[in-house]
Structure formats: structure tokens, C-alpha cells
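Peer 1: Sequence:
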Amino acid sequence: MSTQATNPGAFQPLPPLTGRRIRAAVVGAGAIGRGSHFPALARLAEEGETEVVAAVDIDAKSVESFCAEAGIPHAYTDLEQMLREQRPDLVTICTPPTLHRAQTIAALRAGAWVWCEKPPVPTLADFDAVEKEEGAAKEEGAEGVEGGAEEGSGKGTAGGPFASIVFQHRFGSGSRHVRRLLAEQVMGRPLVAHCQTTWYRDTAYYAVPWRGRWETEGGGPAMGHGIHQMDLLLDLLGPWSEVKAMAGRLVHDVETEDVSTALVRFENGAMATVVNSVLSPDEVSRIRIDCERATVELTHLYGHSNDNWRITPAPDVSGEEVAAWQDFGPDVPSSHLEQLRELVVSMRAGERPRSSGADGRTSLELITALYKSAFTDTTVRAGEIGPGDPYYTALHGGAPGWAPVAREEVSA
1 MSTQATNPGA FQPLPPLTGR RIRAAVVGAG AIGRGSHFPA LARLAEEGET
51 EVVAAVDIDA KSVESFCAEA GIPHAYTDLE QMLREQRPDL VTICTPPTLH
101 RAQTIAALRA GAWVWCEKPP VPTLADFDAV EKEEGAAKEE GAEGVEGGAE
151 EGSGKGTAGG PFASIVFQHR FGSGSRHVRR LLAEQVMGRP LVAHCQTTWY
201 RDTAYYAVPW RGRWETEGGG PAMGHGIHQM DLLLDLLGPW SEVKAMAGRL
251 VHDVETEDVS TALVRFENGA MATVVNSVLS PDEVSRIRID CERATVELTH
301 LYGHSNDNWR ITPAPDVSGE EVAAWQDFGP DVPSSHLEQL RELVVSMRAG
351 ERPRSSGADG RTSLELITAL YKSAFTDTTV RAGEIGPGDP YYTALHGGAP
401 GWAPVAREEV SA
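Going by our numbering, the first residue of the sequence shown is number 1, and it counts up by one from there.
Keep in mind that the hints were calculated from the coordinates and are not lab data.
The model shown is predicted, which means the values in this text are computed figures rather than measured ones.
A portion of the hints provided could be inaccurate.
[Stated by the list, open to error] Label-pair restraints from in silico Cβ distances:
(1) Gly319 with Gly48: 41 to 49 Å
(2) Pro96 with Gly398: 18 to 26 Å
(3) Ala406 with Gln185: 50 to 58 Å
(4) Ala31 with Thr77: 57 to 65 Å
(5) Pro39 with Thr77: 22 to 30 Å
C-beta atoms are modelled at their ideal positions from N, C-alpha and C, and glycine is treated no differently.
Please model the entire structure based on the sequences and the hints provided.
Peer 2: In C-alpha cells form, the structure reads like this:
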């Protein structure tokens with residue numbers, strides 16, 4: 001473990017990022033940190049962009065073995081100590097959702113940018129608390145983290161630091177090409193869409209104590225599995241306006257749902273169906289968008305490349321137009337690496353990255369509205385869930401039959 005002397009004073013502003021590598025730290029030594037975040041950071045380290053200076057995990061043996069295997073110089077079991085001693089420019093968070101708010105705010109207050117795994121945080125209240133802290137360290141000379149990660153001043157955010165969410169399916173050549181085609185409306189207006197995350201998880205998966213519980217997993221397949229495809233759909237089609245949903249527990253003995261369906265209307269008039277399931281042996285992730293002059297479809301499972309996209313033109317479209325639509329350019333698959341590349345560019349420019357702030361909040365707001373609609377049998381409109389609404393602070397909203405049941409202690 002690192003034994004460097006700590007700095008008892010307040011955090012000082014970090015030096016400019018120009019002309020040097022970005023110092024990064026990985027929080028969470030589990031599968032996502034080892035298998036996705038670190039490899040992306042290591043690749044950019046090979047290109048001279050980053051250096052991984054530390055890793056953090058509450059399990060000392062786990063983080064020490066991770067650091068030994070990966071060649072990371074400093075292992076910690078205490079996030080705040082790492083932030084004081086190493087002063088990283090970027091903190092990647094790979095821990096369970098219930099820890100994301102406190103860890104993100106601690107890193108922001110230390111002056112570090114944050115790249116946090118999905119789901120971002122358990123509630124909209126948590127997300128808004130994080131957003132209030134963006135830029136606070138730079139604006140205030142950076143308070144220390146000893147006081148805990150609660151709401152701060154929420155001062156200006158010019159230049160960062162910012163907190164970005166891992167939504168890697170937005171990134172890569174395929175989604176970039178289709179996003180441009182839809183924005184330019186060369187295929188006509190988008191009209192009808194389908195968003196499908198139908199995966200399979202057995203009883204052994206839910207035997208892990210923290211899974212299937214609101215407090216520890218944050219939500220069911222809508223939150224923990226389907227969020228990627230819903231986020232990509234929103235990235236492609238733009239803001240949503242209303243949602244009507246249903247949810248059920250059809251197989252698993254869990255607090256959350258194991259399947260949900262929803263009808264979503266977008267501001268541009270397009271209408272979509274959304275299905276999220278962990279009951280589907282034939283697993284697939286799919287987005288289909290029918291425009292006036294063509295249908296665009298993405299079919300994959302956990303990541304996509306150019307070959308996973310298909311564009312089917314209407315009969316009257318010219319061959320020249322079709323060829324242009326179907327030219328995706330060099331294949332750059334969706335990945336953590338591609339999102340991290342763009343994040344590093346934003347860091348060096350001092351600009352808010354994609355998948356942060358309002359842009360990062362949109363899928364969480366849709367999921368929250370989906371749950372509220374399903375549990376109250378009402379249509380929920382964008383922007384209606386805020387402070388004072390029970391779904392703002394808990395995705396189950398305290399709904400009978402869905403909210404966790406308090407366990408009474410039995411005296412001996």
C-alpha cells in the first residue's frame with residue numbers, strides 16, 4: 001500500500017493538462033475496472049495520453065493483486081487518502097451504484113474529472129447533487145474531502161471538472177454515422193422506433209445478495225441492463241416527451257421488476273416501444289428506427305461494429321443515396337476506449353464532455369419516469385419528476401407492492 005505523506009491542507013488546483021499525460025486512478029478492482037476501464041486507460045497510455053497512478057478498493061488483497069498484475073504503482077483502500085496523495089486528473093469509478101454519488105463528489109471536490117460506470121447513480125436527486133459539484137473544486141480552490149461527499153456550493157462549471165457517465169454504445173463509427181443521418185434528416189423524419197434489451201439471467205445470478213434489490217442494485221433490467229440501449233435511442237432521436245409503461249415480476253423473487261415495457265413519444269413526434277427483460281433465452285440488443293425514406297436497424301448483444309447496422313431504403317430511393325447512407329467509413333466498434341478518447345479530448349479543451357450534465361441525465365430521467373408510470377398506471381411527462389416527487393429520491397417511489405418491505409426485528 002502507498003505510504004506517502006498526506007497533505008493536511010486543502011486541495012490546490014491541478015496543473016494544466018497541456019503538454020503532459022493525464023494522471024488517472026481506477027476506483028473498484030472488480031471485473032469492470034480490470035476488464036474495461038484499465039485496458040482503455042492502458043491503450044491511451046501507450047499513445048502517450050494517460051498514466052494510471054493508483055487504484056482503490058476496500059478489499060486490500062484484491063487491489064494489491066490488481067496493481068501488481070497491471071503495473072499500477074499505488075494501491076489504496078481509502079479513496080480520500082488516494083485523492084490527497086496522488087491528486088489524479090481523472091478518476092474512473094467502477095463500483096456498485098449506491099457508492100457512485102459519494103465517490104464522484106469526493107473526486108470532483110479534489111479537482112478530478114470523473115468517468116463513472118452506468119447506472120450513473122440510483123436517483124435523479126443523486127444525479128442533481130453530483131451536477132452541483134461540477135467545477136466547484138476549481139471555483140473555490142477545492143475544499144478537502146474530509147467533510148464527506150454531500151451537496152456543495154454548486155458554483156460555475158467553466159472548464160470543469162465534470163462527471164461523465166459510461167455510455168459506450170453512443171461511441172464508435174456506426175452510431176456516429178447514423179446520428180448524423182438522422183440529424184440531417186436525409187432519410188426523412190423518424191417516425192417509429194423499437195428499443196429492445198432482452199437478455200437472460202437465471203436464479204443463480206439473483207442469488208447474489210445485492211442483486212434484485214432497490215437499495216443495492218438501484219433498479220431492475222430497465223436500470224441495470226436496458227439503460228444502454230435506451231440511452232443510445234435517446235442519443236439518436238433526441239428528447240422524449242412522455243412515457244406510458246408496465247412492469248412485472250414474472251419469474252424471479254426480487255424487489256425490482258424482471259421485465260418492463262413502455263411506449264415513448266419523442267419531441268420530434270416519433271413513437272417508440274421499449275422492452276427490457278432478463279427472461280429471454282435468445283438474448284439480443286436491438287434498436288430499429290423507421291424514417292420516411294429508410295429503416296435503420298442495429299442488432300447486437302453487448303457491443304456493436306459497422307456490420308451490426310443495416311439500412312433498408314424505401315423503394316423510390318436512388319442507388320446513389322443508398323450507397324451514401326450505407327457508407328459507414330472505417331470500422332470503429334463501440335467501446336470504453338472510444339468514449340475515453342473523446343473524454344480526454346474534452347478534458348484537454350476544458351469543455352463539458354458528452355454523456356455528462358443534462359446529456360447524461362436524460363436516460364436516468366426516462367427510466368425514472370418509466371418506473372413511475374408502471375407503478376402508478378399514469379402517463380408521465382418529461383420534466384415532471386423533481387423535488388417533492390417520491391420518485392425523485394427512490395425509483396420505487398414508495399409504491400405498494402414495489403417498495404421494500406421493512407423487516408421487523410423479532411425479540412428473543
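Peer 1: All hints, please: hold or fail.
Peer 2: Hints versus structure:
Checking the proposed 41 to 49 Å range against Gly319 and Gly48 shows it holds: the Cβ atoms sit about 44 Å from each other. Against the hinted window of 18 to 26 Å, the Cβ-Cβ separation of Pro96 and Gly398 comes to about 22 Å, which satisfies the hint. Separated by about 52 Å at the C-beta atoms, Ala406 and Gln185 satisfy the suggested range of 50 to 58 Å. Between Ala31 and Thr77 the CB atoms are about 19 Å apart, so this pair departs from the stated range of 57 to 65 Å.
Taken as a hint, the range 22 to 30 Å holds for the pair Pro39 and Thr77, whose Cβ atoms sit roughly 23 Å apart.
Of the numbered hints given earlier, the model fails hint 4 alone.
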